[in-house]
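Each protein sequence line maps, in turn, to chains A and B. FYI, in our numbering the residues of the first sequence are 1 to 553. FYI, in our numbering the residues of the second sequence are 1 to 553.
Possibly wrong hints are sitting among the right ones.
Below, simulated DSSO-like cross-link-like pairs (lysine-lysine); rule was C-alpha separation at most 30 angstroms, straight line [to be verified]:
1. A:K382 - A:K345
2. A:K85 - B:K463
3. B:K39 - B:K514
4. B:K201 - B:K39
5. B:K463 - B:K514
6. B:K93 - B:K201
7. B:K39 - B:K141
8. A:K169 - B:K85
9. A:K514 - B:K62
10. A:K39 - A:K169
11. B:K463 - B:K141
12. A:K85 - B:K514
13. B:K201 - B:K85
14. B:K169 - B:K201
15. A:K506 - A:K463
16. A:K62 - B:K514
17. B:K514 - A:K93
18. B:K382 - B:K62
19. B:K62 - B:K39
20. A:K141 - A:K93
21. A:K62 - B:K506
22. A:K85 - A:K169
23. B:K62 - A:K506
24. A:K93 - A:K62
25. B:K85 - A:K514
26. B:K39 - B:K506
27. A:K93 - A:K39
28. A:K514 - B:K93
29. B:K463 - B:K345
30. B:K169 - B:K141
Since the hints were derived computationally from the structure, they do not count as laboratory data. Quick caveat, the model's predicted, so the values are computed rather than measured.
Protein chains: 2
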Amino acid sequence: MASWSYTYHSGVYPSRKASLLSPDLNVANKGDVMQSLIKLYHIESRQPSLGDNTGDLDRLKKVLCSSLQGQNPVVPFQRVAPVAKAFRQSGFKGYAVVIHYPNGPQLVDFLAQAPETLVGLALDLGTTHIEASLVDLLSGKTLARGTVENGQLEFGTDILARIHFAATKVGRQTGLDLLHERVIASIHALALELTRRIRRKPGQIMALCVSGNTTMAHFFLKQNPHHLCREPYIPVVNRPDPFSASELGLDLHPAAIVIVMPSIGSYFGGDLISGIIASGLDQQEETCMLIDVGTNAEVVVGNRDWLIACAGAAGPALEGGVARMGMRAGPGAIEHCTIYPDSGKVEYQTIGGASARGICGSGVIDLVAGLYLARIIDIRGKFRANQPQAAGRLLEQQDGLAYVVVPSEETDLGEPILLSQVDIDALMRSKAAMYSILATITNQVGVSFHDLHRIYVAGAFGKHISPRQAIILGMLPDLPLEVYTPLGNSSLAGAALMLIDDEARKRCTDVVAKVTYLELNVNQEFMLRFSGSRIIPHTDHTLFPSVPFYGES
Amino acid sequence: MASWSYTYHSGVYPSRKASLLSPDLNVANKGDVMQSLIKLYHIESRQPSLGDNTGDLDRLKKVLCSSLQGQNPVVPFQRVAPVAKAFRQSGFKGYAVVIHYPNGPQLVDFLAQAPETLVGLALDLGTTHIEASLVDLLSGKTLARGTVENGQLEFGTDILARIHFAATKVGRQTGLDLLHERVIASIHALALELTRRIRRKPGQIMALCVSGNTTMAHFFLKQNPHHLCREPYIPVVNRPDPFSASELGLDLHPAAIVIVMPSIGSYFGGDLISGIIASGLDQQEETCMLIDVGTNAEVVVGNRDWLIACAGAAGPALEGGVARMGMRAGPGAIEHCTIYPDSGKVEYQTIGGASARGICGSGVIDLVAGLYLARIIDIRGKFRANQPQAAGRLLEQQDGLAYVVVPSEETDLGEPILLSQVDIDALMRSKAAMYSILATITNQVGVSFHDLHRIYVAGAFGKHISPRQAIILGMLPDLPLEVYTPLGNSSLAGAALMLIDDEARKRCTDVVAKVTYLELNVNQEFMLRFSGSRIIPHTDHTLFPSVPFYGES
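With the rest of the complex left out, here is chain A (with noise of 0.2 angstroms):
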């Protein structure tokens, strides 16, 4: 079984060779892929004399323009000044700090002593959290990692909401000027925290990679939502262009290049191009496939030759959202569960482990395939009242019976942990249309299940279910556990590539340019495999061997 714990916790990204083999490799070799983003050139250059009258600017450039092999770099308007200004004091010899941007380099600043790292921030624009990493883009390393919570929650927490409330006005402002302002305050916030911790200012971070969803990212770049909602689901931008920090009025260096990760689609954003640039999905040999899981399962298949996507609504169940005691993963959620087949008897785990406050993603699939394989549940996932495992442990309600995971006197909060009826038709909702995706998805491009190598699992889902629980439920497929590969925060990982690794950045032109989007709103195929996979584990229960199927009670 592969190492579910893995998170890119460590002090150096790994590069990509070493995520292709081993998610346990973190240490990178450095000559191999940390070429930054920003570079630094060491400049040396003649006093201005009488018979020699070139600007200040004029010289610095001269000089810079042979070591960029005869590419003239542009300064931007606002550095002009502070760039000569520098240059001139430091001697006219020192440090150029070149950003490479796609249309060309850019001359931002000079310093006079080489500066020991140079401050990039990657983060991950989550719908509830943004998590961030400083990089360092000379050596590749991380320098700190955090997470805030996303300030946009107040004005709704899911997606959709906020959409609608970016429409609304607000005083003089927009709902969307509010959501901007929101994200933007909360990434201050995050990058003030983490330069404190290295004893830095925000004002040297020198460039911003951002991953998230392609909402977020409209919002992030103050872009009208209005019309990712709405059929045919169409974003204002899918690839903008990067720009300067000051543009959007960032408290990073003014003249910090900030790089939104590019989306496909309305349900296909830059959250999974990362996980695509994190997994190496797009460099392998054999066939592969990446599954971000949220209140959408988004989904890769492909290989260093083709990449086909979608996305489809696996329900909230998988987040958390839906289950009466639902949460999301965080201190007190019960992550993982057993339920004893022979004597019902419960045992469970929460996250960092506090008192139980409730149940996250991956419990509720370990609650439901324990209930299962203690047959306290059918096929259909509807309890068995009178299933003796389940004696004492199931209690009437006003919406029908309820399975207590967690006993009153056991809890937080005085009250019982609950698995509802209702919660439980939520979940085989969820894992249905999961399944279903998965099995669309491998049948249109003609890919049985077992032709793929590796099935990774981004993020939170990947990090704390457990693809045995899942396979047993027939969410996943029946392969071997090892195929499932668990890849922490892609979103972050692939944002804190695109930083250091000019491969990386390559990649993700290519990637966006290569993956075909499958569209499954309007998919027949999945509409029928989503009602053959109601069942425990599948209708067709030949596709799932290792799994028992009590059918026939």
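Based on the hints, put chain B in the right spot on chain A.
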């Protein structure tokens, strides 16, 4: 004799060929040179659909890219929302507005209908006045033209005073802040007035080209002018990269491109580069000369193969800045004057035909030449008090004699207009400096005056002076008068060409790379020649065969 009244007053700028062949030709062949810095591209795109989820802006860029021969247009961040919105509102068809920057195309606007004109603003940023023309970037036509006083005058009438003022603190601002604010305010006022005349708004100006001396360019760009007037006289920047109007806070179209004419050094500004472009000096087979005279005399000699330039202090006499009754060329200034050699009778002509209020540079030259021919002054420029032609016109004053040009009863002021010995002495130094500069630069490149096919004389000096009178004084070489060609405001004309003629922009880059600058401050030859030039017409009077020499008197 060439047409001395020629200026670029007509509706269309001469094509570059036309400017060489005939200064009177003012109708350009549109197909020949009228290529725009900004181009419109007709776009007609497929409508978005479920099967084509390309983002709005990506859709536009994709279609545009093929019109740009595969070049990928960059959309500046602030233009993403308005361009995408306009594209959608126009039903995904219309006209993309693309600015061609040196490092690639920028997509800055989208119009449902093809506009009749695309407005550009050409500016001559003079120390005392700012002159501008609005040009149509599509047809090359001039739409309006006007002048305002430079709002910086309050902080110093001359460049040196303003450079010193720039370093002062004025409350929380620096002098530089104020100088910058004033010149921007003056430009705004002029842009507002000119656009009003054609029923447009400044926000519709899509391009600005600014031409001025190096100090004025520094003030415009808010760059520290400190070193401009201190040996070794090094500008902060000679060749600023083009930038967007919004970066400088200009009230034009926010994405308007701002081009500042490059300079060669502190004493050789963008106004001279404009002069080279407007005159076509850089394209001629035969060697020509360009003279621009203000407080400094700036001179370029060359042809299509080489260009050499120098600048030297000519003294303010030629601008009317020293003569006590001196004034800049303007209403009431005596611009031409005849003294009948036999009778001593004086006839004069004022600008605008107004009552005489003072004497401008060309008037002073006419006067002193007339005084010499009437033998009222000798070859050293000293009054000959007993000369009968001066009868009744010489007054004894505290610091010597003064000549009554206009008696008090004919003036506006109730006082006579006088030309004093001190004034004449100043002019003598100026004319000596001028001739020495011309002799030195030609000698340095082994060219004789008689090798010069044409001598272009820029600005007000070229417009107003009579070359014949300047020759009599020994200020300009004794060449056939048709060699002398006035350019009018070539600083403005060059700026306009930069906006409407692709070739002009290319030439500008070539010119800046090609010009060799000759430093006269350390030139021994110049100092020697200066001494020999302080005689009318010259110590070696054989250099001026057409001028009577009264050295024996």
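Pair hint K514 (chain A) and K93 (chain B), alpha-carbon separation not exceeding 30 angstroms:
holds, 27 angstroms
Taken at face value, is the distance from the CA of K62 (chain B) to the CA of K514 (chain A) at most 30 angstroms?
holds, 15 angstroms
Measure nothing beyond the straight line between the CA atoms of K85 (chain B) and K514 (chain A); if it is 30 angstroms or shorter, mark the hint as holding.
Distance ~27 angstroms between K85 (chain B) and K514 (chain A) Cα, so the pair holds.
Restraint check for K514 (chain B) with K93 (chain A), where alpha carbons must lie at most 30 angstroms apart:
Roughly 27 angstroms separates the two Cα atoms, so the pair holds.
Can you confirm whether the C-alpha distance between K382 (chain A) and K345 (chain A) stays at or below 30 angstroms?
holds, 20 angstroms
Does K39 (chain B) pair with K514 (chain B) here, judged by a C-alpha cut-off of 30 angstroms?
holds, 29 angstroms
30 angstroms Cα cutoff - pair K506 (chain A), K463 (chain A)
holds, 28 angstroms
Would you check the hint for K93 (chain A) and K62 (chain A), treating anything up to 30 angstroms between C-alpha atoms as holding?
holds, 13 angstroms
Pair hint K141 (chain A) and K93 (chain A), alpha-carbon separation not exceeding 30 angstroms
holds, 28 angstroms
Taking only the CA atoms, is the gap from K201 (chain B) to K39 (chain B) under or equal to 30 angstroms?
Satisfied, since the Cα-Cα distance of roughly 20 angstroms is no more than 30 angstroms.
Between K463 (chain B) and K514 (chain B), does the CA-CA distance stay at or below 30 angstroms?
Given that 30 angstroms is the threshold and the Cα spacing comes to 28 angstroms, the pair holds.
Quickly compare the C-alpha distance for K382 (chain B) and K62 (chain B) to 30 angstroms and report which way the hint goes.
With a Cα-Cα distance of about 76 angstroms, the restraint between K382 (chain B) and K62 (chain B) is violated, given a limit of 30 angstroms.
In summary, the numbered hints that this structure violates are 2, 10, 14, 18, 22, 30.
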